[in-house]
Structure formats: structure tokens, C-alpha cells
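There are 4 protein chains.
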Amino acid sequence: MDKPTVERPKQVDSYRHDKQRILARLRRMEGQVRGVQRMVEEDQYCVEILTQLSSIMAAARSIGLLLLEDHIRGCVLTAEDKEAKIQELTEAIDRFTKSVG
Amino acid sequence: MDKPTVERPKQVDSYRHDKQRILARLRRMEGQVRGVQRMVEEDQYCVEILTQLSSIMAAARSIGLLLLEDHIRGCVLTAEDKEAKIQELTEAIDRFTKSVG
Amino acid sequence: MDKPTVERPKQVDSYRHDKQRILARLRRMEGQVRGVQRMVEEDQYCVEILTQLSSIMAAARSIGLLLLEDHIRGCVLTAEDKEAKIQELTEAIDRFTKSVG
Amino acid sequence: MDKPTVERPKQVDSYRHDKQRILARLRRMEGQVRGVQRMVEEDQYCVEILTQLSSIMAAARSIGLLLLEDHIRGCVLTAEDKEAKIQELTEAIDRFTKSVG
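Going line by line, the protein sequences match chains H, E, R and D.
Every letter in the first sequence is one number past the one before it in my numbering, and letter 19, counting from 1, is 19.
Every letter in the second sequence is one number past the one before it in my numbering, and letter 78, counting from 1, is 78.
Every letter in the third sequence is one number past the one before it in my numbering, and letter 87, counting from 1, is 87.
Every letter in the fourth sequence is one number past the one before it in my numbering, and letter 36, counting from 1, is 36.
Keep in mind that the hints were calculated from the coordinates and are not lab data.
Don't take each hint at face value.
You can't tell identical chains apart in this list, so a pair holds if it fits in one copy or across any two.
[Claimed, not checked] Below, a list of computed lysine-lysine pairs in the DSSO-like style, where the Cα atoms sit at most 30 Å apart:
| id | residue 1 | residue 2 |
| --- | --- | --- |
| 1 | K19 | K85 |
| 2 | K82 | K19 |
| 3 | K98 | K85 |
| 4 | K98 | K19 |
| 5 | K98 | K82 |
| 6 | K10 | K85 |
Remember, predicted model here, so these are calculated numbers, not experimental data.
Please build the complete structure, drawing on both the sequences and the hints.
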């Protein structure tokens with residue numbers, strides 16, 4: 001990719017109401033990732049580490065769904081060029097469900 | 001659940017050869033989670049945050065697959081009670097693919 | 001749940017333009033499912049059957065994404081009660097990505 | 001694809017005990033796919049079709065997990081070249097969880 005699609009990141013207020021909640025969940029998720037590091041350092045049992053990784057993925061998925069909802073409400077529905085937003089949204093859901101799997 | 005299934009976590013060496021690689025990936029993942037926090041604090045665009053979350057899930061998934069492989073090689077194949085290990089493994093894969101989706 | 005949420009299924013034309021494409025893909029998917037039945041009947045190798053099942057899931061996912069896009073364009077954006085549609089949509093994406101994983 | 005990767009499919013009996021169960025589930029899945037075709041033909045509501053697709057993916061996933069378990073028990077554990085089987089298995093799980101998402 002040689003053309004920068006985004007020079008400066010756009011700023012939005014679509015998730016303003018959920019911002020503190022999202023940040024709290026991300027901090028908890030950071031703690032979970034550090035917890036998994038500790039488990040690996042201590043040679044803990046693989047299946048338990050896998051379970052923790054599953055729980056991190058579930059956390060990321062759940063934060064993503066919240067953002068998706070806010071995005072549809074606050075960006076897609078209010079956009080001038082709705083068709084462009086729908087394309088972008090579908091690609092985001094595609095990436096989101098793919099990485100997920 | 002009131003009975004502790006695991007009093008002290010079992011210690012294994014099944015992922016010994018991948019330990020440093022797994023730790024490096026987990027540290028990178030921790031950085032990604034902090035990066036997402038920054039994006040949210042700066043009100044960055046929802047779709048870009050979603051893309052980052054997708055990438056964290058993909059990272060967790062890929063670390064999980066590595067652990068799964070090591071687990072099968074180092075724990076399931078060498079276990080005395082193989083049938084119990086297979087049950088446990090299937091449940092782990094189930095949880096892993098579910099949280100995923 | 002004792003109250004029937006849908007007495008008669010709603011009829012929509014949101015996916016009218018993709019209808020033939022969706023039907024063609026569903027017919028191909030039906031053929032894939034029958035192909036897997038044959039593989040199982042012939043005791044074919046588990047890993048190859050798994051690969052076929054993966055491919056069916058990918059087909060279902062891809063049809064789902066197309067429907068999702070049409071739904072957002074043709075039902076959510078045009079709805080009178082947009083907030084109710086967004087809730088319903090988020091739950092559909094949630095179920096969709098969960099079954100997926 | 002013009003070069004046959006598999007001349008004759010390998011035949012295994014690893015899922016012999018689950019064969020009828022797997023076939024019954026695949027037949028039910030075939031019926032579900034036909035049901036979705038009917039829903040599309042009748043212009044039924046997109047969200048309900050999505051829910052049905054989610055349920056098909058969940059069915060495929062659940063059959064896959066059963067096959068995976070049988071495969072580990074009946075093919076991987078009993079293989080002579082266990083390392084090759086583990087590689088193959090990990091790739092199958094990778095594909096399986098990816099298509100899933």
C-alpha cells in the first residue's frame with residue numbers, strides 16, 4: 001500500500017457514552033495478557049493457558065461488538081455518503097469475524 | 001463451582017521449545033492492547049480500533065494454536081490415561097473455537 | 001419464550017438484488033453437505049472431511065455477510081425505529097460471530 | 001484444480017462408532033440448508049435467515065469437533081509417524097477455526 005489512506009486518524013464521538021466502559025475492559029484485558037505471560041513463565045499447564053487465551057479473545061470480541069454497535073448508530077446512520085460507510089462496515093465485520101475464527 | 005479443580009497449577013514442559021517465542025508474542029500483544037487503549041482515549045475512528053481488536057484476536061488465536069500443537073505432542077501423546085487427555089483436549093478446542101467466534 | 005415473536009415471517013426486499021446469487025450459493029452449499037455425507041459413508045479420511053466442513057462454514061459465513069450488508073442498507077437505514085433495528089442487528093452479529101467460532 | 005491431490009481417498013475407521021450419528025447430523029444440516037433456500041425464495045426477513053445460517057455453522061462446527069476427537073484418538077495416537085500427524089492435525093485445526101470465524 002503506497003497511498004496513506006489515513007493521514008491523521010479521524011476523530012469521532014460515536015462511542016463517547018461507552019468510552020469509560022471500553023477503557024475499563026481494555027485495562028482488564030491488558031491484565032489478562034500479563035497473567036498469561038506469568039503462566040507461561042511458570043510453565044503452567046497448556047490447557048489452562050489456552051482457556052485464558054480463549055477468555056482474552058472473548059473479551060476482544062465483546063469490546064468489538066460494542067464498538068460496532070456505536071459505529072453503526074453514530075457513524076453509519078448519520079453519514080452523508082451512507083453507501084461508502086456500509087462498504088467500510090461490511091469489510092470491518094468481515095475482518096472482525098475472520099480474525100475471530 | 002465450589003470444588004477447586006486445580007489446587008496448584010500443574011507444571012509442564014510441553015511448550016519448552018516455544019516458550020521464548022510465546023512470551024515474545026504475548027508481550028507484543030500486551031503492547032497492542034495498550035495501543036488500543038490509546039486509540040480509544042484519543043477518540044480515534046471506530047473502524048480502525050475494530051481492526052486493531054481483530055489483530056489482537058488473531059494473535060491470541062495463533063499463540064493458542066502453537067500451544068495446542070505442543071500440548072498434543074508433549075501431553076496427550078505421552079499421557080498414561082490418553083482417553084482422559086483427549087476429552088480434556090476436545091473441550092479445550094471447543095472453548096477455544098467458541099470464544100473465537 | 002411463550003410469546004411468538006413472529007407470527008408470520010416478515011417479508012422484505014432488502015436482498016432482492018442478491019437473491020439469485022444467494023440462492024445459487026445455497027444450492028452449492030447443499031451439494032457440499034451431500035458431498036460430506038458421501039465421504040463419511042465411504043469412510044474417507046477425517047482430515048479431508050474436516051476440510052470440507054471448514055469450507056461449508058466459510059460458505060455460510062460469506063452468505064451471511066452478504067445478507068448482513070443488504071440488511072443494513074435495506075432495513076436498518078430505512079427503518080423508522082432505527083434504535084430497535086440497531087439492537088436487533090447487534091444481536092444478530094453477536095449470534096453470527098458466536099456460532100461461527 | 002486439474003491435478004488430483006488425492007488419487008484415492010484414504011479410508012479410515014477412526015469415526016466408525018460415531019458414523020451413524022455424524023450422518024444423521026449431516027442429513028439434518030442438509031435439511032437446514034434447504035430450509036434457508038425456502039426462506040430466501042419467500043423473501044423472509046434477513047435477520048431470521050442470518051439466525052438460520054448461524055445455526056448451520058454451529059452444526060458444522062459441532063460435527064467437526066466430533067471428527068477431530070475421533071481423529072486424534074483413532075489416527076494421531078495410533079500413527080507410526082506421529083510428528084507428521086501432529087503437523088497435519090494442527091493445520092486442520094487452523095483451517096477449521098479460520099473458516100469458522
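Hints, verified against the model:
In the homo-oligomer, the alpha carbons of K19 and K85 lie at most 30 Å apart both inside one protomer (22 Å) and across protomers (22 Å), since each shortest distance falls under that limit. Taking CA atoms no more than 30 Å apart as the test, K82 paired with K19 passes in both settings, with 24 Å inside one copy and 22 Å between copies. In this assembly of identical chains, K98 and K85 lie within 30 Å of each other by CA distance both inside one copy and across copies; the values are 20 Å within and 24 Å between. Taking the shortest alpha-carbon separations for K98 and K19, both the intra-copy value of 25 Å and the inter-copy value of 24 Å come in at or below 30 Å.
Both within a single protomer and between protomers do K98 and K82 lie at most 30 Å apart by alpha-carbon distance, with minima of 24 Å and 27 Å respectively. Proximity of K10 to K85 under the C-alpha cut-off of 30 Å is found in both arrangements, the shortest distances being 14 Å within a copy and 26 Å between copies.
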